[in-house]
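Fit chain F to the supplied structure of chain B, relying on the hints for placement.
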Amino acid sequence: DTEVTQTPKHLVMGMTNKKSLKCEQHMGHRAMYWYKQKAKKPPELMFVYSYEKLSINESVPSRFSPECPNSSLLNLHLHALQPEDSALYLCASSQDPGPGETQYFGPGTRLLVL
Amino acid sequence: GENVEQHPSTLSVQEGDSAVIKCTYSDSASNYFPWYKQELGKRPQLIIDIRSNVGEKKDQRIAVTLNKTAKHFSLHITETQPEDSAVYFCAARSWDDMRFGAGTRLTVKP
Chain B
168 DTEVTQTPKH LVMGMTNKKS LKCEQHMGHR AMYWYKQKAK KPPELMFVYS YEKLSINESV
228 PSRFSPECPN SSLLNLHLHA LQPEDSALYL CASSQDPGPG ETQYFGPGTR LLVL
Chain F
1147 GENVEQHPST LSVQEGDSAV IKCTYSDSAS NYFPWYKQEL GKRPQLIIDI RSNVGEKKDQ
1207 RIAVTLNKTA KHFSLHITET QPEDSAVYFC AARSWDDMRF GAGTRLTVKP
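Residue numbers (my numbering), protein chains in the order written: chain B, 168 to 281; chain F, 1147 to 1256.
Check the hints yourself; a few may be wrong.
[As the list claims (entries may be wrong)] Straight-line distance between alpha carbons at most 25 Å, and here's what the computed SDA-like set of lysine to any residue pairs gives: (1) F:1188 - B:233; (2) B:207 - B:252; (3) B:205 - F:1243; (4) F:1217 - F:1196.
[Said to hold, decoys possible] To give an idea of the chain B side of the interface with chain F (calculated C-beta under 8 Å), a few residues: (5) 209; (6) 253; (7) 267; (8) 273; (9) 274; (10) 275; (11) 279.
Because the hints were derived from the structure by calculation, they are not lab data. Every residue, glycine too, gets a C-beta built ideally from N, C-alpha and C.
Next up, chain B with everything else stripped away, as it sits in the complex (with noise of 0.2 Å):
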């Protein structure tokens, strides 16, 4: 298996909703990233696990909340979002957290915030 997959593919909440995207890799992975995508611009990183651990939070807002539960599974818990976080949220993973390590993207979760 050398996927990353995401699920939901699309999603649709309203401010005051509780969601929860999810990612998963079966490649023996061990470091695992979310990013957010806005159209027609770069991905922007916004947390890193490393070893199931929380080692880099871009400053993100709380609303946006990483969770590892297992080396294989990376969630993003999502509460009370505004509408400008709505766009692509990727994940990727890499076999290590090390600065030349290939990261993999899985196809990312369409989310729009009504």
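Just chain F, lined up with the frame of chain B:
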């Protein structure tokens, strides 16, 4: 992290011509430079990467060059085909931080 500059923002070439996209970075700790291709509505896909101990790498029609002294790296696509049309992102990575360039929209006209 620091910025990655990417040029041009759009590039249109005739099928069979070459395409060159250039990036510069400012963080001297960067030592890994991947290039991603992203088609409309799809995930970024790695097409080639280069590490700082290498100056050039080639994979069929795609090549990347790196000048660490000048802090710039380039993507070269030869014999372009319509299916090469996409947005291309360069990136520079130092430890856990990966920064992307703004992207280049490449259009290959048949």
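Here's how the hints hold up against the structure:
1. F:1188 - B:233: holds, 23 Å
2. B:207 - B:252: Distance ~15 Å between residue 207 (chain B) and residue 252 (chain B) Cα, so the pair holds.
3. B:205 - F:1243: Holds, at roughly 19 Å.
4. F:1217 - F:1196: holds, 13 Å
5. 209: holds, 3 Å
6. 253: violated, 15 Å
7. 267: Residue 267 (chain B) check passes; min Cβ-Cβ to chain F is 5 Å, inside 8 Å.
8. 273: holds, 6 Å
9. 274: holds, 5 Å
10. 275: At about 6 Å, which falls below the 8 Å cut-off, the nearest Cβ of chain F leaves the hint on residue 275 (chain B) intact, so it holds.
11. 279: With a minimum Cβ separation of about 14 Å from chain F (threshold 8 Å), the hint on residue 279 (chain B) is violated.
Checked against the numbered hints given earlier, this structure breaks hints 6 and 11; the rest are met.
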